[in-house]
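Chemist: These are the residues of each chain, in order.
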Amino acid sequence: YTHSLQDLRQAAVASKVFVQRDYTSGTICKFQTKFPAELESRIDKQQFEETIQTLNNLYAEAEKLGGRSYLEGCLACLTAYTIFLCMETHYEKVLKKIAKYIQEQNEKIYAPLGLLLTDPIERGLRVVEITIFEDRSIGSR
Amino acid sequence: MLDGRRAPRRMKNREYQQIDPQALATPPPRPPPEHMPKRARRKWEVFPGKNRFCCDGRIIVARQSGVLPLTLALIVLTSGLFFIFDCPFLVEHLTGCIPAIGGVLFVFVIISLLQTSFTDPGILPRATPEEAADIEKQIDNPTGLSSSYRPPPRTKEVVINQQVVKLKYCFTCKIFRPPRTSHCSLCDNCVERFDHHCPWVGNCVGKRNYRFFYTFIVSLSFLTAFIFGCATTHLALRSQGGNGLVVALQASPASALELVVCFFSVWSIVGLSGFHTYLVAANLTTNEDIKGSWSGKSGNEDVGNPYSYNSIIKNCCSVLCGPMPPSLIDRRGFVPSDDSVQTRPVEIELPAAKNDINMEKDCLDFALSCAG
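So the protein sequences, as listed, match chains P and Y. The numbering of the first sequence is UniProt numbering, which starts it at 1 and goes up by one. The numbering of the second sequence is UniProt numbering, which starts it at 1 and goes up by one.
Careful: at least some of the hints might be erroneous.
[What the hints assert, rightly or not] In the BS3-like style, the derived pairs of lysine-lysine whose C-alpha atoms are separated by at most 27 Å in a straight line are: (1) P:K34 / Y:K168; (2) P:K64 / P:K93; (3) P:K30 / P:K45; (4) Y:K166 / P:K34; (5) P:K45 / Y:K137; (6) Y:K43 / P:K96; (7) Y:K43 / P:K97; (8) P:K16 / P:K96.
[Unchecked claim] If we take Cβ atoms under 10 Å as the criterion, some of the chain Y residues that face chain P in the derived model are: (9) F108; (10) I135; (11) I290; (12) G292.
[Unchecked claim] Beta-carbon label-pair distances, calculated as ranges: (13) P:K108 / Y:A100: 19 to 27 Å; (14) P:Q32 / Y:L272: 56 to 64 Å; (15) Y:K314 / P:S15: 39 to 47 Å; (16) P:D22 / Y:Y309: 14 to 22 Å; (17) Y:P129 / P:L75: 38 to 46 Å; (18) Y:A281 / P:S15: 45 to 53 Å; (19) Y:H93 / P:G66: 21 to 29 Å.
Just so you know, the hints here were simulated from the structure itself, not pulled from any lab data. Ideal Cβ positions, reconstructed from N, Cα and C, are used throughout, including at glycine.
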């Protein structure tokens, strides 16, 4: 009965849940780990929190101030920032990692439960959008 | 049956249905228009803000380019006069380094100016209708207000670094603005870490292009001071040979023009650079400084900038050398078609691949209709 990512295409969207940003640590990209009530019947709280926490850690890695980012910044400044035209920044590399992680999570965990995570970058890093699909076979569980 | 002509072109020609209508006796029944868009549109074409885009979305400018052409003209003209009139004389009498230094500074100035003007300053895309509805639900609105009455401004409070920060709701973008974000009325966008809208540059200065802006004004200060110094030296050297200043001015009137332009610019530009150096060191934005957000004007001594690292070096490094955040508006991505549910979470990569899938489907439809 488990859905695959392709099956979701035919399923109807029941509702969407939005996990908002957590600004208590400043302007860095971090999402709230509070478990939304609408997902209670669908997924394990632990699992959800783990996903969000991993995402937060990945974004923290992208925005980390450290030797590597300073090196990139100084090098960029010296070349009058023209290297941004040809080189992929560290942030972009981590964004690709994040996209892959979300794809994985969707395939392995969320799609079988009739849920779908949307990559926050498609929502301007404002929210993690979780689409809840109508699960017609929920009675058979 | 497919006729002998070449198979429909795939990537280049997006207007697929124009191909080979004569080969068929009657045009094949076309599926409803939503399933076969004439041309997949890129997101910049449907962008709601007041920006303009060039080079198929690669370059973004504010709607009013302000006085950017004037800025460019002034810089190019003054530098041009410097290179043409002052440099030959100074190379002869002083050193050949002068045009070299001038050249490097000029290149830095122009490049950073163009980058400041054409880079997305950190625009926040507007909320999707579902997001906006979700936020509306969460805001308590018990009395049935009519749609013409605007409810009082909504704010949310958040504690950052032991400071209470108020997040305001933006009615245009339908989001609660993140901290340090402000809505620019000229560009009609919310911009992250909004500093100010600079008419000289023709764009907002925000999170993503602040470092370019800073580089621009600092290198412009050096360039202006340098040209000023060289023009003065030039005139001084010319008038030394017992000829007097008037003769020197007649011999090189361009230098006089440069002097005037640089004299008036150097004060404002150097002043501006100094001000922004202070802002960088304190990790403040012009917007916050002007409003006095953290200056404790309300009498509360505990008010301080919660975003500052309390170390000048760390502030400078984080503002100028920090990681370069990506553009959130994805100008060159394709507008998703409305009929299918977005099942592919990774839409931002490979818009070309998406086009391919459409093409494949269309090829199949076409082949079937020919065979049938």
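Chemist: Is the hinted pair K43 of chain Y and K96 of chain P satisfied, with a Cα-Cα distance of at most 27 Å?
Modeler: holds (20 Å)
Chemist: Assuming the hint says 14 to 22 Å, is it satisfied by the Cβ distance from D22 of chain P to Y309 of chain Y or not?
Modeler: holds (20 Å)
Chemist: Regarding the pair K64 of chain P and K93 of chain P, is the alpha-carbon distance no greater than 27 Å?
Modeler: The hint holds at about 13 Å.
Chemist: Is the hint on I290 of chain Y kept, meaning its closest Cβ partner in chain P is under 10 Å away?
Modeler: Violated, because the Cβ-Cβ distance from I290 of chain Y to chain P comes to roughly 19 Å (cut-off 10 Å).
Chemist: Starting from the range 21 to 29 Å, see whether the pair H93 of chain Y and G66 of chain P falls in it by beta-carbon distance.
Modeler: violated (49 Å)
Chemist: Against the range 45 to 53 Å, how does the distance between the Cβ atoms of A281 of chain Y and S15 of chain P compare: consistent or not?
Modeler: holds (48 Å)
Chemist: A range of 56 to 64 Å was offered for this pair. Does it hold for the Cβ distance of Q32 of chain P and L272 of chain Y?
Modeler: violated (39 Å)
Chemist: Has the given pair, K45 of chain P with K137 of chain Y, been kept, meaning a C-alpha gap of at most 27 Å?
Modeler: Holds, at roughly 23 Å.
Chemist: Just to be careful: measuring from the Cβ of G292 of chain Y to every Cβ in chain P, is the smallest value less than 10 Å?
Modeler: violated (20 Å)
Chemist: Straight-line Cα separation of K30 of chain P and K45 of chain P no greater than 27 Å?
Modeler: Since the Cα atoms of K30 of chain P and K45 of chain P sit roughly 18 Å apart, the hinted pair holds (cutoff 27 Å).
Chemist: If I claimed the Cβ atoms of K314 of chain Y and S15 of chain P lie 39 to 47 Å apart, would that claim hold in this structure?
Modeler: Cβ of K314 of chain Y to Cβ of S15 of chain P: about 44 Å, so the range 39 to 47 Å holds.
Chemist: Taken at face value, is the distance from the CA of K96 of chain P to the CA of K16 of chain P at most 27 Å?
Modeler: holds (24 Å)
Of the numbered hints listed earlier, those contradicted by the structure are 11, 12, 13, 14 and 19.
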